[in-house]
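2 protein chains.
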Amino acid sequence: MKSIAIISIALFAYANVFFQESLAEENPEVPAYSLKSSQLETAQGLIDTALESDLAHKIVESLTTEVGARLGGSEAEKRARDWGMKLGKKLSFDRVSVEEFTMPYWERGKLNISLTAPYEQKLYGTALGGSASTREDLDAPVVYFRSVNDILEIEPGSLTGKIAFIDGEIMVKSQTGAGYGPANTRRTVGWQHAERGGAVALVVRSVGSDSHRFPHTGMMRHKEGTWASIPVIAVSNPDADHVRRLHRLGEKLSISLSSTAEWKGDVSSGNVILDLVGRDKPEEIVLIGGHLDSWDLGTGAIDDGAGVAITTAAAELIARLPKRPRRTIRVVMFGAEEVGLLGAKAYAKQHADEAENHVLATESDFGAGTIWKFDSNVNSAANPAIDEIGKLLSQLGIVRGGNDVKGGGPDIIPLVELGVPTVRLNQNGMDYFDLHHTPDDTLDKIIPEELAQNVAAYAALVYLAAELDVEFRTSDKETGETTSK
Amino acid sequence: MKSIAIISIALFAYANVFFQESLAEENPEVPAYSLKSSQLETAQGLIDTALESDLAHKIVESLTTEVGARLGGSEAEKRARDWGMKLGKKLSFDRVSVEEFTMPYWERGKLNISLTAPYEQKLYGTALGGSASTREDLDAPVVYFRSVNDILEIEPGSLTGKIAFIDGEIMVKSQTGAGYGPANTRRTVGWQHAERGGAVALVVRSVGSDSHRFPHTGMMRHKEGTWASIPVIAVSNPDADHVRRLHRLGEKLSISLSSTAEWKGDVSSGNVILDLVGRDKPEEIVLIGGHLDSWDLGTGAIDDGAGVAITTAAAELIARLPKRPRRTIRVVMFGAEEVGLLGAKAYAKQHADEAENHVLATESDFGAGTIWKFDSNVNSAANPAIDEIGKLLSQLGIVRGGNDVKGGGPDIIPLVELGVPTVRLNQNGMDYFDLHHTPDDTLDKIIPEELAQNVAAYAALVYLAAELDVEFRTSDKETGETTSK
Numbered sequence: 139m140k141s142i143a144i145i146s147i148a149l150f151a152y153a154n155v156f157f158q159e160s161l162a163e164e165n166p167e168v169p170a171y172s173l174k175s176s177q178l179e180t181a182q183g184l185i186d187t188a189l190e191s192d193l194a195h196k197i198v199e200s201l202t203t204e205v206g207a208r209l210g211g212s213e214a215e216k217r218a219r220d221w222g223m224k225l226g227k228k229l230s231f232d233r234v235s236v237e238e239f240t241m242p243y244w245e246r247g248k249l250n251i252s253l254t255a256p257y258e259q260k261l262y263g264t265a266l267g268g269s270a271s272t273r274e275d276l277d278a279p280v281v282y283f284r285s286v287n288d289i290l291e292i293e294p295g296s297l298t299g300k301i302a303f304i305d306g307e308i309m310v311k312s313q314t315g316a317g318y319g320p321a322n323t324r325r326t327v328g329w330q331h332a333e334r335g336g337a338v339a340l341v342v343r344s345v346g347s348d349s350h351r352f353p354h355t356g357m358m359r360h361k362e363g364t365w366a367s368i369p370v371i372a373v374s375n376p377d378a379d380h381v382r383r384l385h386r387l388g389e390k391l392s393i394s395l396s397s398t399a400e401w402k403g404d405v406s407s408g409n410v411i412l413d414l415v416g417r418d419k420p421e422e423i424v425l426i427g428g429h430l431d432s433w434d435l436g437t438g439a440i441d442d443g444a445g446v447a448i449t450t451a452a453a454e455l456i457a458r459l460p461k462r463p464r465r466t467i468r469v470v471m472f473g474a475e476e477v478g479l480l481g482a483k484a485y486a487k488q489h490a491d492e493a494e495n496h497v498l499a500t501e502s503d504f505g506a507g508t509i510w511k512f513d514s515n516v517n518s519a520a521n522p523a524i525d526e527i528g529k530l531l532s533q534l535g536i537v538r539g540g541n542d543v544k545g546g547g548p549d550i551i552p553l554v555e556l557g558v559p560t561v562r563l564n565q566n567g568m569d570y571f572d573l574h575h576t577p578d579d580t581l582d583k584i585i586p587e588e589l590a591q592n593v594a595a596y597a598a599l600v601y602l603a604a605e606l607d608v609e610f611r612t613s614d615k616e617t618g619e620t621t622s623k
Numbered sequence: 139m140k141s142i143a144i145i146s147i148a149l150f151a152y153a154n155v156f157f158q159e160s161l162a163e164e165n166p167e168v169p170a171y172s173l174k175s176s177q178l179e180t181a182q183g184l185i186d187t188a189l190e191s192d193l194a195h196k197i198v199e200s201l202t203t204e205v206g207a208r209l210g211g212s213e214a215e216k217r218a219r220d221w222g223m224k225l226g227k228k229l230s231f232d233r234v235s236v237e238e239f240t241m242p243y244w245e246r247g248k249l250n251i252s253l254t255a256p257y258e259q260k261l262y263g264t265a266l267g268g269s270a271s272t273r274e275d276l277d278a279p280v281v282y283f284r285s286v287n288d289i290l291e292i293e294p295g296s297l298t299g300k301i302a303f304i305d306g307e308i309m310v311k312s313q314t315g316a317g318y319g320p321a322n323t324r325r326t327v328g329w330q331h332a333e334r335g336g337a338v339a340l341v342v343r344s345v346g347s348d349s350h351r352f353p354h355t356g357m358m359r360h361k362e363g364t365w366a367s368i369p370v371i372a373v374s375n376p377d378a379d380h381v382r383r384l385h386r387l388g389e390k391l392s393i394s395l396s397s398t399a400e401w402k403g404d405v406s407s408g409n410v411i412l413d414l415v416g417r418d419k420p421e422e423i424v425l426i427g428g429h430l431d432s433w434d435l436g437t438g439a440i441d442d443g444a445g446v447a448i449t450t451a452a453a454e455l456i457a458r459l460p461k462r463p464r465r466t467i468r469v470v471m472f473g474a475e476e477v478g479l480l481g482a483k484a485y486a487k488q489h490a491d492e493a494e495n496h497v498l499a500t501e502s503d504f505g506a507g508t509i510w511k512f513d514s515n516v517n518s519a520a521n522p523a524i525d526e527i528g529k530l531l532s533q534l535g536i537v538r539g540g541n542d543v544k545g546g547g548p549d550i551i552p553l554v555e556l557g558v559p560t561v562r563l564n565q566n567g568m569d570y571f572d573l574h575h576t577p578d579d580t581l582d583k584i585i586p587e588e589l590a591q592n593v594a595a596y597a598a599l600v601y602l603a604a605e606l607d608v609e610f611r612t613s614d615k616e617t618g619e620t621t622s623k
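Residue numbers (my numbering), protein chains in the order written: chain A, 139 to 623; chain B, 139 to 623.
Keep in mind that the hints were calculated from the coordinates and are not lab data.
The model shown is predicted, which means the values in this text are computed figures rather than measured ones.
Hints should not be assumed to be uniformly reliable.
Now the in silico label distances, taken between C-beta atoms and shown as ranges [as the list claims (entries may be wrong)]: (1) B/A255 - A/D192: 24 to 34 angstroms; (2) A/L556 - B/S349: 49 to 59 angstroms; (3) A/D607 - B/V310: 24 to 34 angstroms; (4) B/T314 - A/K311: 25 to 35 angstroms; (5) A/S296 - B/D232: 27 to 37 angstroms; (6) A/L189 - B/P320: 48 to 58 angstroms.
Computed cross-link-like contacts, EDC-like style, restricted to lysine to aspartate or glutamate with a CA-CA straight-line distance of at most 20 angstroms [stated by the list, open to error]: (7) B/K390 - A/E204; (8) B/K227 - B/E245; (9) A/K390 - A/D305; (10) A/K260 - B/E204; (11) B/K583 - A/E492; (12) B/K260 - A/D305; (13) B/K227 - B/E237; (14) B/K196 - A/E199; (15) A/K311 - B/E237; (16) A/K583 - B/D569; (17) A/K196 - B/D379; (18) B/K260 - A/E199; (19) B/K174 - B/D525; (20) A/K174 - A/D525; (21) A/K196 - A/D220; (22) B/K260 - A/D288; (23) A/K419 - A/D404; (24) A/K390 - A/D525; (25) B/K583 - B/E237; (26) A/K260 - B/E199; (27) A/K419 - A/E494.
Heads up, the beta-carbon is just placed ideally off N, CA and C, and yes, glycines get one too.
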């Protein structure tokens, strides 16, 4: 398999160079950009060093082992911040800090869920984020919906005393994760329809692409600030298959359910911030990072210990260069991402008046798989420089995508809204949703060589973004002026 | 991958013919055996029909869906017997019956298990078969043993008030399942050492070859009729990895534990028996089957719904021939296999005085994977006939093993002890122990084409074993006489 991987990388690299050249020919009006040979040498050195380094793996091993699962707002997440501060100090960062914020805290509690008709059989389920508890143990008949579309028109009161079950398809696998959005509706808003129908609870097929016997958790969406008043439980794909087969046989189903999930009031969380201060333009920030919190079912190895480890390791390799790059490189370990991008929103709010100092931002939050595509959304005048970085990255099997792809990861969304330009190193997500938000998100699922490829790409990209004399910020379309100071 | 599989089958087939010829050359004194062309045609027709049939898949789908999990001795296992009787009557069997027996019944109950030091984190565990309950909730320090070998010399009282944790290696994967025995010791007898040391509970690394976050259950061994007096819990491989890493960091570990597992007294179980009565020698029995019970965590698709389905479907295809074979073909759906071969022992006891009527026996109880090797243990004079059957099976990618391999599956052991000759169609068990005894043993794990290959092999083999005028029974080594009547 290794030789196949190498051939694939070679083919990608070839295709990349080929398309780069084609693009250059098609856009003769865009002036070319050349990296200095010293910059190229430094970036190449970072790539070579990163591919031989196990630093990122050591970081994610440390986080998942020494801290473990770390739900946003929990005591464990506090321990993760302490861990992040300690790590930042141990490594070569110039400034380390925690920026705290307040958030509402939801806890999963305990769950028992079983089929009780046509016979008794345990179901493998978990409460979805924001779910209410059962006030008393439930045992109720099931009303089966083939998909979320079938419950959208439900009449008020038509589900009174019943448990709604929303089936659906196993999430489509893809390199880009394109199946997630369509599958996710049953999880995010299914409860609003079940509740309107008067259901005592909602059970949904997990949003995930695997066939293992554990559920995928994830946050529901609130409706104008109001969360579900009923318990909402996801069951594993094999369990949902089982329910579907019984339903097709014409069996009357019932489910028993008890859950102690609940909102616990406001607690403290925070973002950990590690800076390498720029030697020439310290106020200009290239922001990278991942999120420090995880769901509580697994130990958050791929989501998102990997992202924290990749970006921290990349910054550390840059920190070990003889001199700092021109701009500041900031690693943010965002808090409370899973439960609503709370750390990201807090960061954007706390740094709103210096948003324009953020010259480029990106996050690693799509697992630990190989990076295969490099997208950007920068000032079009800066695109030739980004293309040059893309050419350098092609040796890692990474193709250049486009400059029209907005967004550098979930925690970057609030910064994008403030006009911060982004790049994105897209990881192969083909198997990501087999593990994402499940108990199976554990260290053993990370392939060290793939993690090292990530670090190599981030190190080269981030170094150059901080070093080059290139303005990535887009011009303000309303005024026609550049948003830079 | 399909082309690779086809090439593999071709290579196997070639190797088979090659070795067959070599063996024949090496044993010139054994007279050759020829199948009649009508017999060959019928067997070939069965293979062709079986490869196109979805009967076995329909049977295992029906069992796992309509009955579900079916622990030995449970109400669910009773429903499985009713299902088996109904199926036998619906299909073409001449006689269907249930032979009951009494057995002690153990129930898993509920379990909560968590790390509590160095921090709180849920462990994914399950009580092992025969485990005692916790009398009160436990929270105790952990004494870590790197392997079961490290606890064998434990001094009485040296674990008082402690929870013993027996680690070990992830079970070695192999086509033959050779890794199971060595890994299994920590599960079967670990408790005896922990108990002698005075431990309040034992936690062991699951016996299984996967890296998923669920435990593998399985029966412990009793010691002179006495079962464990302490709770014994298996945790998933990723959880055991986690404990190992924390231990290596020098952390003091503790675990909290509550379990309601317990022995419930004597209950009724039974074997379902489906006969195709032989047209010429009805008293002579070719016995095939699988076990009807399953562990309660999954729905017993590969262990052993598949075996029940394969052998029932094979017999049914034979039943649809214009006439019955000479001998009786008996499908036994054994009860209570997982909890100690109780159905098999009851069958051997109930049929002890007609044991010699059983001319050949085999069981399918190693999953639903492709059969790759055909072993036997029959009268050496019958071996050329078995070799001829082997040649026919080579078209299915099955190599001929040896005639010195005793045992036709777990439920055949008590019959072997009574002198019954056996054959064995060995399935590829490379991934079997990823699923075996876990919640993940569900219908979706069965590949219909592989199941059909199994039915084809069983149908041809069992038809010929029942049709040929060959004596498989071995001569009695003590008297020098044949054990046949």
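Evaluated hints:
A hinted range of 24 to 34 angstroms for the beta carbons of B/A255 and A/D192 is consistent with their spacing of about 28 angstroms. For A/L556 and B/S349, the hinted distance range of 49 to 59 angstroms is not satisfied, since their beta carbons lie about 41 angstroms from each other. Between A/D607 and B/V310 the beta carbon distance is about 57 angstroms. The supplied range of 24 to 34 angstroms is therefore violated. Checked against the given bound of 25 to 35 angstroms, the beta carbons of B/T314 and A/K311, roughly 32 angstroms apart, stay inside it.
The given range of 27 to 37 angstroms is broken by A/S296 and B/D232, whose C-beta atoms sit roughly 52 angstroms from each other. Between A/L189 and B/P320 the C-beta distance comes to about 37 angstroms, which lies outside the given range of 48 to 58 angstroms. Proposed proximity of B/K390 and A/E204 is supported: the alpha carbons are some 12 angstroms apart, at most 20 angstroms. Restraint check for B/K227 and B/E245: not satisfied, since their Cα atoms lie roughly 32 angstroms apart, outside the 20 angstroms limit.
The straight-line distance between the Cα atoms of A/K390 and A/D305 is roughly 16 angstroms, inside the 20 angstroms bound, and the hint therefore holds. Proximity of A/K260 to B/E204 is assessed by CA-CA distance (about 15 angstroms); at most 20 angstroms being required, the pair is judged to hold. Among the hinted pairs, B/K583 with A/E492 is inconsistent with the structure: their alpha-carbon atoms are about 54 angstroms apart, more than 20 angstroms. The hinted pair formed by B/K260 and A/D305 fails the criterion: a straight-line CA distance of about 28 angstroms is larger than 20 angstroms.
For the hint pairing B/K227 with B/E237, the CA-to-CA distance comes to about 16 angstroms; that is within 20 angstroms, so the pair holds. Restraint check: the Cα-Cα separation between B/K196 and A/E199 comes to about 45 angstroms, which exceeds 20 angstroms; the hinted pair is violated. For the given pair, A/K311 sits about 48 angstroms from B/E237 by alpha-carbon distance, which is inconsistent with the 20 angstroms threshold. Of the pairs offered as hints, the one joining A/K583 and B/D569 holds, with about 17 angstroms between alpha carbons and a cut-off of 20 angstroms not exceeded.
Taking the CA atoms of A/K196 and B/D379, the gap is about 15 angstroms. The hint holds against a cut of 20 angstroms. With a CA separation close to 18 angstroms, the supplied pair B/K260 and A/E199 stays within the 20 angstroms bound. Distance restraint check for B/K174 and B/D525: the Cα-Cα separation of roughly 14 angstroms lies within the 20 angstroms cut-off, and the hinted pair is therefore satisfied. The straight-line distance between the Cα atoms of A/K174 and A/D525 is roughly 14 angstroms, inside the 20 angstroms bound, and the hint therefore holds.
For a cut-off of 20 angstroms, the pair hint linking A/K196 to A/D220 stands: about 17 angstroms separates their Cα positions. A C-alpha spacing of about 36 angstroms is found between B/K260 and A/D288, which places the hinted pair above 20 angstroms, so the restraint is violated. Between A/K419 and A/D404 the CA atoms are separated by roughly 38 angstroms; this puts the pair beyond 20 angstroms, and the hint is violated. At most 20 angstroms may separate the alpha-carbon atoms for a hinted pair to count; A/K390 and A/D525 exceed this at roughly 60 angstroms.
A C-alpha spacing of about 31 angstroms is found between B/K583 and B/E237, which places the hinted pair above 20 angstroms, so the restraint is violated. Between the alpha carbons of A/K260 and B/E199 the distance comes to roughly 18 angstroms, so the proposed pair stays at or under 20 angstroms and holds. Of the supplied pair hints, the one linking A/K419 and A/E494 holds, its CA atoms being roughly 13 angstroms apart against a limit of 20 angstroms.
When held up to the earlier numbered hints, the structure conflicts with 2, 3, 5, 6, 8, 11, 12, 14, 15, 22, 23, 24, 25 and fits the remainder.
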